[in-house]
Structure formats: structure tokens, C-alpha cells
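> With the hints as constraints, model all of the structure from the sequences given.
Which chain is which? The protein sequence lines are A and B, in order. The first sequence maps to residues 1 to 111 in the working numbering. The second sequence maps to residues 1 to 115 in the working numbering.
Quick caveat, the hints were computed from the structure, so don't treat them as lab data. A few of these clues could be false.
Cut-off 25 Å, straight-line C-alpha distance, at most; resulting in silico cross-link-like pairs (SDA-like, lysine to any residue) [to be verified]:
id	chain 1	residue 1	chain 2	residue 2
1	B	Lys65	A	Arg100
2	A	Lys110	A	Ser9
3	B	Lys57	A	Gln42
4	A	Lys3	B	Gly42
5	A	Lys3	B	Gln37
6	A	Lys52	B	Lys71
7	A	Lys52	B	Pro39
8	A	Lys3	B	Lys57
9	A	Lys3	B	Glu103
10	B	Lys65	B	Ile12
11	B	Lys71	A	Gly102
12	B	Lys71	A	Thr26
13	A	Lys3	B	Glu79
14	B	Lys57	A	Arg100
15	B	Lys57	A	Lys69
16	B	Lys57	A	Gln45
17	A	Lys52	A	Thr26
18	B	Lys71	A	Ala93
19	A	Lys3	B	Tyr105
20	A	Lys3	B	Ile12
21	B	Lys57	A	Glu31
22	A	Lys69	B	Gly42
23	A	Lys52	B	Trp96
24	A	Lys69	B	Tyr102
25	B	Lys57	A	Tyr46
26	A	Lys3	B	Asp56
27	A	Lys3	B	Pro61
28	B	Lys57	A	Gly102
29	A	Lys3	B	Lys65
30	B	Lys57	B	Glu70
31	A	Lys69	B	Glu103
32	A	Lys3	B	Lys71
Listed here are the chains, written in short residue letters.
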Amino acid sequence: DAKTTQPPSMDCAEGRAANLPCNHSTISGNEYVYWYRQIHSQGPQYIIHGLKNNETNEMASLIITEDRKSSTLILPHATLRDTAVYYCIVRVAEDNNDMRFGAGTRLTVKP
Amino acid sequence: EAQVTQNPRYLITVTGKKLTVTCSQNMNHEYMSWYRQDPGLGLRQIYYSMNVEVTDKGDVPEGYKVSRKEKRNFPLILESPSPNQTSLYFCASSSWTSGRTYEQYFGPGTRLTVT
Numbered sequence: 001d002a003k004t005t006q007p008p009s010m011d012c013a014e015g016r017a018a019n020l021p022c023n024h025s026t027i028s029g030n031e032y033v034y035w036y037r038q039i040h041s042q043g044p045q046y047i048i049h050g051l052k053n054n055e056t057n058e059m060a061s062l063i064i065t066e067d068r069k070s071s072t073l074i075l076p077h078a079t080l081r082d083t084a085v086y087y088c089i090v091r092v093a094e095d096n097n098d099m100r101f102g103a104g105t106r107l108t109v110k111p
Numbered sequence: 001e002a003q004v005t006q007n008p009r010y011l012i013t014v015t016g017k018k019l020t021v022t023c024s025q026n027m028n029h030e031y032m033s034w035y036r037q038d039p040g041l042g043l044r045q046i047y048y049s050m051n052v053e054v055t056d057k058g059d060v061p062e063g064y065k066v067s068r069k070e071k072r073n074f075p076l077i078l079e080s081p082s083p084n085q086t087s088l089y090f091c092a093s094s095s096w097t098s099g100r101t102y103e104q105y106f107g108p109g110t111r112l113t114v115t
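Below is the structure:
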């Protein structure tokens, strides 16, 4: 799996958009970009994934650059409940093995 | 409600006393997996299962056993727990469609302390 690089921490004001970057410069053509988050010590929660195109669901938007070497997860209107560690992971969908969770970005949403 | 359940949620035990952590999912998922999470080390996979009676080792399988006799259940067995197995454990499941997995659904976690 390609290695990802994320900032260790970020702050965001409540109600504003949170933009979480992820670099994955060695991503392969068949590797997807996944985002998960973990609130305190709860089980990680799937947010979104994408291959090439930008994706949006009820939780967030995923913007992948044209060269696929980086991506941004956007939480359009962050709330205090979005405070969590956010993990960016790249892997092939056919991979039997684990999601390799790195250190992630600790997002703190402030009132 | 679609979910992955784990029991117990908290367990304190002593070295050498066999224990089982249960995991069950109600989504008819083929793929199930166990992870442990330790400070500074992130989540590491212990074992995974592609389907009933099919299991394989992850990154840190030593000291653990698993079984997959039914599709919905994937228990984690510690035959002789040791203090270095003190950790937060997560079970996860995923649909395996056309040879691909996408999102994984995680259980709430089991905090195990071995003294």
C-alpha cells in the first residue's frame, strides 16, 4: 500500500468547513483513497472513498487531484461532534488484508 | 440496525487465564477482521477471515487464535494471555463483492488488561 502523509493536528471553528489534506505521492493506478475517523476510543468509522473522481456523500466530500498524488477531505459544516482523528488510507480494493491506519490527523472543532 | 458487536467491552484478567472476545455482525458480511490498537502504533491487524472456515494471519497473530464457524461470528481467543496483550481490540466486517472490499464496519472495541 502507498504511504500517506497527513498533518498531525488541525483546528477548525464550529460551522466552518474543515479541509483535511493527505499526500499519497506513490499511489498506484488501482489504489483507492479511503477516509476513516475515530472519535476518542470508539471503533473507526468509514467516511468516504474514491479512485479518481471527486466523491460526495452525506458526511463529507473527497477531492482527489488530477495526478492522484494528494486528496482533501472536506467536512462542509464542522460540528463539535466531528472532533476526532481522521485517517487517510490508500489500498487496492482487492486487497485481502488490513486497512493500514497511520497516525492520522487529530481534528479539533472549537466553538 | 446494521452493526458489529463485541463482548465484553472491558475485561481485566490475569496472565495465563484463557479468554474469548466475541464478535458478531448482522450484515451478512463475508470478510471479518480483528485489530489491536496501542498508543503510538496505530491499528494493527491480528487475523482476518474471508468467509466461513477461511482465516489468515495479519501482522501480529502471535498469541491469538480465531475461528469462523458461522458467517456472523468471529471470536478472538487468547489461550494464555500475557501483559503485552493489554490493548484495545476492534473487530471489523466488510462485504466482499466481486473480490473487492470497500468500507469496513468496526465494533465498539474491547479494552483488555492482563495483569
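> Check the hint pairing Lys3 of chain A with Glu79 of chain B against an upper bound of 25 Å on the C-alpha distance.
violated (35 Å)
> Given the hint that Lys52 of chain A pairs with Pro39 of chain B, does the C-alpha gap stay at or below 25 Å?
violated (33 Å)
> Is Lys57 of chain B within 25 Å of Arg100 of chain A, Cα to Cα?
holds (15 Å)
> Given the proposed pairing of Lys57 of chain B with Glu70 of chain B, does the C-alpha separation stay at or below 25 Å?
holds (18 Å)
> So if I understand the rule, the pair passes when the alpha-carbon distance is 25 Å or less; does Lys69 of chain A with Gly42 of chain B pass?
holds (23 Å)
> Checking one constraint from the list: CA of Lys3 of chain A to CA of Glu103 of chain B, max 25 Å. Satisfied?
Given that 25 Å is the threshold and the Cα spacing comes to 19 Å, the pair holds.
> Lys110 of chain A and Ser9 of chain A were given as a pair; does the straight-line alpha-carbon distance stay at or below 25 Å?
holds (13 Å)
> Can the restraint linking Lys3 of chain A and Tyr105 of chain B be considered satisfied, given a maximum Cα separation of 25 Å?
The hint holds at about 22 Å.
> Has the given pair, Lys57 of chain B with Glu31 of chain A, been kept, meaning a C-alpha gap of at most 25 Å?
holds (22 Å)
> Taking only the CA atoms, is the gap from Lys71 of chain B to Gly102 of chain A under or equal to 25 Å?
Roughly 29 Å between the alpha carbons, so the hint for Lys71 of chain B and Gly102 of chain A is violated.
> Sort out whether Lys57 of chain B lies within 25 Å of Lys3 of chain A, counting only the CA atoms.
holds (22 Å)
> When you check the alpha-carbon spacing of Lys65 of chain B and Ile12 of chain B, does it fall within 25 Å?
holds (19 Å)
Consistency note: the structure conflicts with the earlier hints numbered 6, 7, 11, 12, 13, 15, 20, 29 and 32.
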